[in-house]
Amino acid sequence: MSNNELTRRGLLRTGAVAGAGVALPTIFTASSAAAYTNEPTGGTVTLGFNVPQTGPYADEGNDELLAQQLAVEHLNGEGDGGCLNTFTSKALKGNGILGKKVTFVTGDTQTKSDAARASAKSMIEKDGAIMINGGSSSGVAVAVQGLCQDAGVIFMAGLTHSNDTTGKDRKKNGFRHFFNAYMSAAALAPVLSKEMGADRRAYHLTADYTWGWTQQESIAAATEAMGWETVNNVLTPLASTDFSSYIAPVLNSGADVLVLNHYGGNMVNSLTNAIQFGLLDKVANGKDFKIVVPLYSELMAAGAGENIKGVLGSMNYNWQLDNEGSKAFVKSFGEKYGKPPSNSAQTCYAQVLLYADACERAGTFNPCGVAEALEGFEFDGLGNGKTLYRAEDHQCFKDVLVVRGAQNPTNAYDTLEIVEVTPVEQVMYAPDHPMFGGAEASLGECNSGA
Amino acid sequence: MDAIILQILNGLDKGSAYALIALGLTLIFGTLGVVNFAHGALFMIGAFCAVTVQRLLNLSFQTVDETQKDFLGNPLKVDTPYVEAWFGPEVGATIIDWSVPLAVVFAIPIMLAVGYAMERGLIKHFYKRPHADQILVTFGLAIVLQEIIKYFFGANPIQTPEPSALKGSLDIGLMLGFDPNAIIYPIWRLVYFAFAAVIIGGVFAFLQFTTFGMVVRAGMADRETVGLLGINIDKRFTIMFGIAAGVAGLAGVMYGPLNPPNYHMGMDFLVLSFVVVVVGGMGSLPGAVAAGFLLGVLESFASTTWATTTIPGINQIIIYLVAIIILLTRPRGLMGRKGVMEE
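Protein chains in written order, with full-length UniProt numbering: chain A, 1 to 450; chain B, 1 to 343.
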């Protein structure tokens, strides 16, 4: 008998040693050659779209996903090109990004911070996503932004309206195309004063979490500066489904305006309850009672149905905007999906193009180079009109829309009408504004993950 | 005084929903001994019966109106509901307007069938299993049901408005001699309370004054003895499961106009309803109803500005606080039978 016979244990041992030997050079080359996290080495580059695909904001997430898929098509030279034809930067040629074909992976945030971080982490670590885009919650945005900062990838938030995202929680690797609570308030207050008068008493119902607090703080400050008085601010639990016990005392409080600092299901239910109580049919302090919803979205408007008629609010974008970028996007989105885009869809679409454009202008996917290209970038042609990505806090500045629930909608998409396009100058603020973390707020250092 | 009356009214309509769901829950526990975590899903399915009826009544044919444009600038496709074409615009619009009350008729057989299928198809296999198994399987079923609803109807809330004639609010304060606007209350919430009272009264009357009800009550008290008398108590209990599902479903149908239905609404009510059952006494029907209204009113008072400023967060914990106190001082609940949940 020979001792040279192949045994199972021997085979495993030999295989393990050989495998380690073969893998060793790859491990070294991978770590030493990668200048930044997930540097694309093949013919493709992968983007990560992190949106709520389940949970209460799944419909909004689906709209974001549709828009991002459309953006990828346009980047790869498919379809009608959409806003590539109207974008003032001409760096994008419809041949992918830096010559690499764009692919994407998706994650489900579930509108939960921990789930959103887990899905973003998985896309970065397992799928090699070079950036993360999308989402529908400020809590999620702040959480994922922190993760992307640590991982060394660019994060472009989706629908996040809290001042904190580009305020006290701002990060060098994070950018926000969406507007914020301060901007909503700055745009709304003059319109409210003009339509309702300067002598009003407001009662606030506020969702008890980061977005609600910053929204209430912003709108109260802006309306008080116009001469309004804040009668009361009641914090309502985020999990509330029926707001009747909060609304019942409003008429008896001496208030003549109800401000609903609610979003999503909270807003749909609180507004429905307020209409049931007949608030809009009442007269208080000798004036017609009014309701204000500082932040609107199309899906919320659809959920609230007829209850939004005549109710004022603000938006980041509306498909009815009459500029070339908006028209190109609505045509492209509408022909592909049979409906106009929501403002969260437009945000996510614009962000994908902006990221790609920044890579082209920077000549690299390195997040620090991309961040530098985005900082202070001014452009037009993506639907919002003239826009600036401010370098100091990575907040996007553009005109803000004041909208009103349509009195006589002619179709399912005609639920909101634009009352005023508030010029960007009116909603500007200093990067060290106290509502945005003050002088202590800092972007920190860029992290490329190298 | 007016603020107290207002919060009592508020609590009554909230309590109506709790009481209706808890009544079904405790009916199932009392008869079959099953802890049914899918009961909230039955409430949700009831609400979506109303959504379905509304959609059926709004089934339309399209005509192209060349004079109007859609969002892409193409000629507008105008939807005309078949009911308006068949019965005329006014009658058709009225039928659509009354879709929620009409849905009650539609929901009764649907919910009975859903309840029957749920009991025969799944829950009967878990009668002899521990309560933990029953909770797991029914909770899983609840998730499956809500995901099915989300698949077909989406995640966004869907408005199911009350009929125009029942929209708006009543100035109850004025009727009671208070100042105008002191006690304003929505008409549909009063309708909901009245509806709940009728359903609860109906279930009690059914159990109290019919032979079927008498046998069921006897079975609840001593299942084995009733079985030894040659009565097929299992069959009657299955029917009671269907009735419990029907009660939850009808509660859901009528709840739609208060808050637009969404796929998650059952879960929102489920935990609270269990607390109601525990506070009322497991298996006690009057206990479930009384606890439903009691906790509804307490929750309403805890949400007042006075309460939330005196004890911050009291609005979020009041129901659980009451449950803890009851469990510590009277484990069988307010009206629970001696021995149940006390061993």
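I should point out that these hints are in silico values taken from the structure, not numbers from a laboratory.
Hints are not guaranteed to be accurate.
Pairs of lysine to aspartate or glutamate, EDC-like flavour, derived with a Cα cap of 16 Å [to be verified]: (1) B/Lys150 x A/Asp59; (2) B/Lys77 x A/Asp414; (3) A/Lys339 x B/Asp234; (4) A/Lys331 x B/Asp70; (5) A/Lys282 x B/Asp171; (6) A/Lys194 x A/Glu420; (7) B/Lys167 x A/Asp281; (8) A/Lys126 x A/Asp108; (9) B/Lys69 x A/Glu440; (10) A/Lys336 x B/Asp70; (11) B/Lys167 x A/Glu306; (12) B/Lys69 x A/Glu372; (13) A/Lys309 x A/Glu417; (14) A/Lys309 x A/Asp281; (15) A/Lys327 x B/Asp70; (16) A/Lys90 x A/Glu335; (17) A/Lys172 x A/Glu392; (18) A/Lys100 x A/Glu78; (19) B/Lys124 x B/Asp234; (20) A/Lys282 x B/Asp234.
Sample of chain B residues lacking proximity to chain A, with all beta carbon distances greater than 12 Å (derived) [as the list claims (entries may be wrong)]: (21) Leu6; (22) Leu59; (23) Phe61; (24) Leu72; (25) Lys77; (26) Lys128; (27) Ile158; (28) Ala197; (29) Arg217; (30) Asn315.
Some but not every residue of chain B turned toward chain A, in silico, with C-beta under 7 Å [what the hints assert, rightly or not]: (31) Asn10; (32) Glu90; (33) Gln159; (34) Gly168; (35) Ser169; (36) Ile172; (37) Asn181; (38) Ser300; (39) Thr305.
Just so it is clear, the structure is predicted and the values come from calculations on it, not from any experiment.
A virtual CB, placed ideally from N, CA and C, is assigned to each residue, including glycine.
Each hint, compared with the structure:
no.: 1; hint: B/Lys150 x A/Asp59; verdict: holds, 10 Å
no.: 2; hint: B/Lys77 x A/Asp414; verdict: holds, 14 Å
no.: 3; hint: A/Lys339 x B/Asp234; verdict: violated, 52 Å
no.: 4; hint: A/Lys331 x B/Asp70; verdict: holds, 11 Å
no.: 5; hint: A/Lys282 x B/Asp171; verdict: holds, 11 Å
no.: 6; hint: A/Lys194 x A/Glu420; verdict: holds, 12 Å
no.: 7; hint: B/Lys167 x A/Asp281; verdict: holds, 12 Å
no.: 8; hint: A/Lys126 x A/Asp108; verdict: holds, 15 Å
no.: 9; hint: B/Lys69 x A/Glu440; verdict: violated, 52 Å
no.: 10; hint: A/Lys336 x B/Asp70; verdict: holds, 15 Å
no.: 11; hint: B/Lys167 x A/Glu306; verdict: holds, 12 Å
no.: 12; hint: B/Lys69 x A/Glu372; verdict: violated, 44 Å
no.: 13; hint: A/Lys309 x A/Glu417; verdict: holds, 10 Å
no.: 14; hint: A/Lys309 x A/Asp281; verdict: holds, 12 Å
no.: 15; hint: A/Lys327 x B/Asp70; verdict: holds, 13 Å
no.: 16; hint: A/Lys90 x A/Glu335; verdict: violated, 24 Å
no.: 17; hint: A/Lys172 x A/Glu392; verdict: holds, 9 Å
no.: 18; hint: A/Lys100 x A/Glu78; verdict: holds, 14 Å
no.: 19; hint: B/Lys124 x B/Asp234; verdict: holds, 10 Å
no.: 20; hint: A/Lys282 x B/Asp234; verdict: violated, 55 Å
no.: 21; hint: Leu6; verdict: violated, 5 Å
no.: 22; hint: Leu59; verdict: holds, 15 Å
no.: 23; hint: Phe61; verdict: holds, 16 Å
no.: 24; hint: Leu72; verdict: violated, 5 Å
no.: 25; hint: Lys77; verdict: violated, 9 Å
no.: 26; hint: Lys128; verdict: holds, 35 Å
no.: 27; hint: Ile158; verdict: violated, 7 Å
no.: 28; hint: Ala197; verdict: holds, 18 Å
no.: 29; hint: Arg217; verdict: holds, 34 Å
no.: 30; hint: Asn315; verdict: violated, 7 Å
no.: 31; hint: Asn10; verdict: holds, 5 Å
no.: 32; hint: Glu90; verdict: violated, 19 Å
no.: 33; hint: Gln159; verdict: holds, 4 Å
no.: 34; hint: Gly168; verdict: holds, 5 Å
no.: 35; hint: Ser169; verdict: holds, 4 Å
no.: 36; hint: Ile172; verdict: violated, 11 Å
no.: 37; hint: Asn181; verdict: holds, 5 Å
no.: 38; hint: Ser300; verdict: holds, 4 Å
no.: 39; hint: Thr305; verdict: holds, 6 Å
When each numbered hint is compared with the structure, violations occur for hints 3, 9, 12, 16, 20, 21, 24, 25, 27, 30, 32, 36.
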